[in-house]
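Enquirer: Letter by letter, the chains look like this.
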Amino acid sequence: QKEVEQDPGPLSVPEGAIVSLNCTYSNSAFQYFMWYRQYSRKGPELLMYTYSSGNKEDGRFTAQVDKSSKYISLFIRDSQPSDSATYLCAIQGGGTSYGKLTFGQGTILTVHP
Amino acid sequence: SAVISQKPSRDICQRGTSLTIQCQVDSQVTMMFWYRQQPGQSLTLIATANQGSEATYESGFVIDKFPISRPNLTFSTLTVSNMSPEDSSIYLCSVIRDLSYEQYFGPGTRLTVT
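Chains as they are written, first to last, in this note's numbering: chain X, 1 to 113; chain R, 1001 to 1114.
Same shape as in the complex, but just chain R (with noise of 0.2 angstroms):
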């Protein structure tokens, strides 16, 4: 498995704000991503998190709302933008590591706008 923590591990933030959010892993990984997790509902993916690199986005998710950032192989950001209640939702981050199949997710970070 992998240890991940996120920071902060949860906000309430005015709307017009934003908020990055952090995600550290206790060793290399090979892949990492970041899901939302709407009230009451299942997890979406929103990016895959690549190294030195652009995030690669899903449909309905775009880089000037969820700019992600990776600069090394243990380490993620993905930022809020511009934040609206709507945005209120537990945001995670999750790794694979080597080229598993196994994914495993951070503890979450709980966002609440108003």
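Isolated chain X, as found in the complex (with noise of 0.2 angstroms):
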């Protein structure tokens, strides 16, 4: 089993949709969580991080963790065809694993007008 499951997708919505992804992770000492978003032939940008339990938004962006089913989630209001591009959850633990990201295989988003 992998440390951090994400469907690769693709997933493909119309604009003004709003799209969920999603993450499950199997290592309860994990305790940070990221999102980041990567156009092709790009690096990974960083969309949005948190450490608790609950919803965190910026913008149309909302982050959503539940550590009780190790399960997080990215929400995204009134999709943009900008939007199109892969999202990639990435989660790290504390003390030694400081900064060390294990991340998601990545989901393949597609807006069409």
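Please keep in mind that the hints were generated in silico from the structure rather than gathered at the bench. Positions of the beta carbon are idealized from the N, C-alpha and C atoms, including for glycine. One should not assume that every hint holds.
[As the list claims (entries may be wrong)] Within a straight-line C-alpha distance of at most 25 angstroms, the following computed BS3-like cross-link-like pairs (lysine-lysine) qualify:
{"id": "1", "chain 1": "X", "residue 1": "56", "chain 2": "X", "residue 2": "100"}
{"id": "2", "chain 1": "X", "residue 1": "100", "chain 2": "R", "residue 2": "1065"}
{"id": "3", "chain 1": "X", "residue 1": "100", "chain 2": "R", "residue 2": "1007"}
[Unchecked claim] Calculated from the model, a selection of chain X residues having no Cβ within reach of chain R, i.e. all distances over 12 angstroms:
{"id": "4", "residue": "12"}
{"id": "5", "residue": "20"}
{"id": "6", "residue": "41"}
{"id": "7", "residue": "45"}
{"id": "8", "residue": "50"}
{"id": "9", "residue": "57"}
{"id": "10", "residue": "60"}
{"id": "11", "residue": "70"}
{"id": "12", "residue": "84"}
{"id": "13", "residue": "94"}
{"id": "14", "residue": "109"}
{"id": "15", "residue": "110"}
{"id": "16", "residue": "113"}
With the hints in hand, could you dock these two chains into one complex?
Expert: What follows is the structure, given as structure tokens:
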């Protein structure tokens, strides 16, 4: 079993739709949760990060963490064609694992006009 | 955030040769890392680049194959040694500034080994 599982998609939605991206993880020692967006032939761009269970909102993006279920989500409201990219969840532990990110496989999202 | 540049942006190399990739950050950072992204795959951590000392490698990666230097707080290099086609990947450096958990990535170096 991989430490972080993410549905690779691809996911195709119409402009304006709400997008839900999800990851599960197996190691309860993981403490910090990130979402990255990666456009084709570019490096990953940090979208959001959080460390506690609950929701964190930033504009059209909401990150949700449920530590009891080891489940994290990213919601994109009013999706735009410019949101078309690969979305990667990334998780790290604390202590000696500080900074060491474990990534999901990435979900390819296409938002069509 | 941080402004991170990598050189070269891409290269095509022959089997058995070595390539050194440079990572430059616009200001001092606490930590620097090197990741690999194989075709169609996600990112895998190669090592933590430690300033003034030997890098810390993850399981499956060794210093002889991926020697890393970090002479100061803004610069690091990764060498891919004795390359084979299986080394064809995107290599990315990342940084953490101060003691936050926000990690930022460079644009990557796309390596093709023939």
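Enquirer: Now look at each hint and say whether the structure bears it out.
Expert: Status of the hints after comparison with the structure:
1. 56/X x 100/X: holds, 22 angstroms
2. 100/X x 1065/R: Distance of about 20 angstroms is within 25 angstroms: holds.
3. 100/X x 1007/R: holds, 23 angstroms
4. 12: holds, 18 angstroms
5. 20: holds, 19 angstroms
6. 41: violated, 8 angstroms
7. 45: At about 8 angstroms from chain R, residue 45/X fails to clear the 12 angstroms cut-off, so the statement is violated.
8. 50: Residue 50/X not clear of chain R: closest Cβ-Cβ about 9 angstroms, inside 12 angstroms.
9. 57: At about 17 angstroms from chain R, residue 57/X clears the 12 angstroms cut-off, so the statement holds.
10. 60: Given a closest Cβ separation of 19 angstroms, the condition holds.
11. 70: holds, 18 angstroms
12. 84: Residue 84/X is indeed farther than 12 angstroms from all Cβ atoms of chain R, at 17 angstroms.
13. 94: violated, 9 angstroms
14. 109: Label holds. Min Cβ-Cβ 15 angstroms, cutoff 12 angstroms.
15. 110: holds, 16 angstroms
16. 113: Residue 113/X is indeed farther than 12 angstroms from all Cβ atoms of chain R, at 27 angstroms.
In terms of the numbered hints stated before, the structure departs from hints 6, 7, 8, 13, listed from lowest to highest.
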